[in-house]
Amino acid sequence: MPEFFLNSNQWARLGEGTAVTLQLLGWAMLLGSVMSLVMGVARLSRFRLVRALALVYVEIARGLSAIILLFIMFFAVPILFDVRGLSPMVAGVLALGLNMGAYGAEIVRGAIRAVPKGQAEATVSLNMTAYQRLRYVVLPQALTVILPPFGNLSIEILKGTALVSLITLSELAFEVQKLRVNRVVIEDSATTIALYLNALIIYFVIAQVLARLFRFAERQVETRLGSV
Amino acid sequence: MTRSKWDWDLVWEILPRMAGGMWVTIKATLVGIVIAVILGLFLALGRRSKKKWLSMPVAGLIEFIRSTPILIQLFFLYYALPSLTFLPDFARVIRPLTALILGLGVHYATYASEAYRAGINSVPRGQWEAATAMNLGTFHTWRHVVLPQAIPRTLPALGNYFVAMFKDAPIGSSISVVGVLFVARSIQSQTFRSVEPMMVAGAMFLAVSIPAAMFVRYLERRMGYET
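Listed in order, the protein sequences are those of chains A and B.
Heads up: the first sequence runs through residues 1 to 228, numbered per my numbering.
Heads up: the second sequence runs through residues 229 to 455, numbered per my numbering.
Looking at chain A on its own, in the form it has when it is part of the complex:
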């Protein structure tokens, strides 16, 4: 008979894996958000070269897919650029962050273009600098459009973190695989089914929390905009 619960040692391992997953997710989302903002603005630049470079970045980082980008980052980039080997964590953050940045840049670009033209014209008549226009007028209004798709994107990145187990980062998916192999070897009572279901539920809970956080942020931005 399969037993459906894990022992405390196995739970501890899943907990450790989850901590690494969250760390990876946090850094990847930070890099991804910065890249989204920079590349989203660059896609609308006055300068043709800047626009073209941003487009090349978006097409490559999206088109390669997170997993191929990850393997290139881990195996090819250190040799090509003479770096002394990237750790799995760094390669994972770079691959997921750059991948997210490409999708995010398109969201940011669309959101900036959705801000009414009169707003930008008004900043010119107020003699604001380009930075002030972006920081105080355009981005705060674009944010309400940016946040909902960014919530979905963050869940895609969470799902992507499992891929980093394939280059041996000991995050949640990796710990699960290790536990499965150990079970086969030492005949532990926990079943494979319980193991994977527990992992899936942990990911599901994190995804729900992320979705709530983004909805909360959305409401905050909306009330702040409304009170101006």
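Be a bit skeptical, because a hint or two may be false.
Derived Cβ-Cβ restraints for the label pairs, each shown as a range [what the hints assert, rightly or not]:
#1 240(B) to 132(A): 46 to 56 Å
#2 87(A) to 232(B): 20 to 30 Å
#3 319(B) to 53(A): 50 to 60 Å
#4 120(A) to 357(B): 39 to 49 Å
#5 321(B) to 148(A): 38 to 48 Å
#6 323(B) to 78(A): 33 to 43 Å
#7 221(A) to 353(B): 27 to 37 Å
#8 11(A) to 270(B): 30 to 40 Å
#9 417(B) to 140(A): 48 to 58 Å
#10 319(B) to 225(A): 52 to 62 Å
#11 277(B) to 46(A): 46 to 56 Å
#12 289(B) to 217(A): 25 to 35 Å
#13 451(B) to 119(A): 28 to 38 Å
Sample of chain B residues lacking proximity to chain A, with all beta carbon distances greater than 12 Å (derived) [as the list claims (entries may be wrong)]:
#14 248
#15 266
#16 277
Because the hints were derived from the structure by calculation, they are not lab data.
By construction, the Cβ of each residue, glycine as well, lies at the ideal position given by its N, Cα and C atoms.
Got chain A sorted already, so can you dock chain B onto it with the hints?
Frame of chain A; chain B shown alone:
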């Protein structure tokens, strides 16, 4: 012996094997698409059902599958199913390629169902009312009135998800499906060269995914004009 960072001879040498792997990845995606298109429609209809006992579990299942990693779902199919002793043997022992196709198909069926749902909701109420006025039954209303109008509008969204499915297909290498990533990894371990197989895999990937994404954008523009 010093070796350069990039060896064109090796690139040409591995190209046929890499292309073979790519073809497996593409085939897995295509069969996965067929599953997602069909299963997705049933999921969408199930979720719209007025019967709560049907719509609630379906909605929960869609949400669960959509927000958990496909890699773990693949491991579940490949490693966990065989330990369910009450299942018949043919359902328990599963080949790597079958597991990959099923994993991709089921995962993206949940995405497809959301696309269908949006498309079905975009059919104006008047169309339903007209079908009722013409005394069409449920089947005929769906078959001849609702779906023919809903499905074209879902095509761009479906297209986007299928490009995403293709991008997920290399995860098959983790359960030794001999796709493009698996071949790249084998060449890596045979030749001790990492750069060429990975970069060739990347180039092949771009060669498929960028045109596919452009086609989807073309669909989006066309649908934009029509509706």
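Going down the list of hints, with the structure as the test:
1. 240(B) to 132(A): 46 to 56 Å: holds (54 Å)
2. 87(A) to 232(B): 20 to 30 Å: holds (26 Å)
3. 319(B) to 53(A): 50 to 60 Å: holds (51 Å)
4. 120(A) to 357(B): 39 to 49 Å: Since the Cβ atoms of residue 120(A) and residue 357(B) sit about 45 Å apart, the hinted range of 39 to 49 Å holds.
5. 321(B) to 148(A): 38 to 48 Å: holds (43 Å)
6. 323(B) to 78(A): 33 to 43 Å: Given a distance of about 35 Å, which is inside 33 to 43 Å, the answer is holds.
7. 221(A) to 353(B): 27 to 37 Å: holds (33 Å)
8. 11(A) to 270(B): 30 to 40 Å: With Cβ atoms ~37 Å apart, the hint holds.
9. 417(B) to 140(A): 48 to 58 Å: The hinted range 48 to 58 Å holds for residue 417(B) and residue 140(A), with Cβ atoms some 52 Å apart.
10. 319(B) to 225(A): 52 to 62 Å: holds (54 Å)
11. 277(B) to 46(A): 46 to 56 Å: This hint holds: roughly 53 Å between Cβ atoms.
12. 289(B) to 217(A): 25 to 35 Å: Distance hint for residue 289(B), residue 217(A) holds at roughly 28 Å.
13. 451(B) to 119(A): 28 to 38 Å: At roughly 29 Å between Cβ atoms, residue 119(A) and residue 451(B) fall inside 28 to 38 Å, so the hint holds.
14. 248: holds (17 Å)
15. 266: With a cut-off of 12 Å, residue 266(B) remains clear of chain A, as the shortest Cβ separation is near 23 Å.
16. 277: holds (23 Å)
When the structure is compared with the earlier hints, no violation turns up for any of them.
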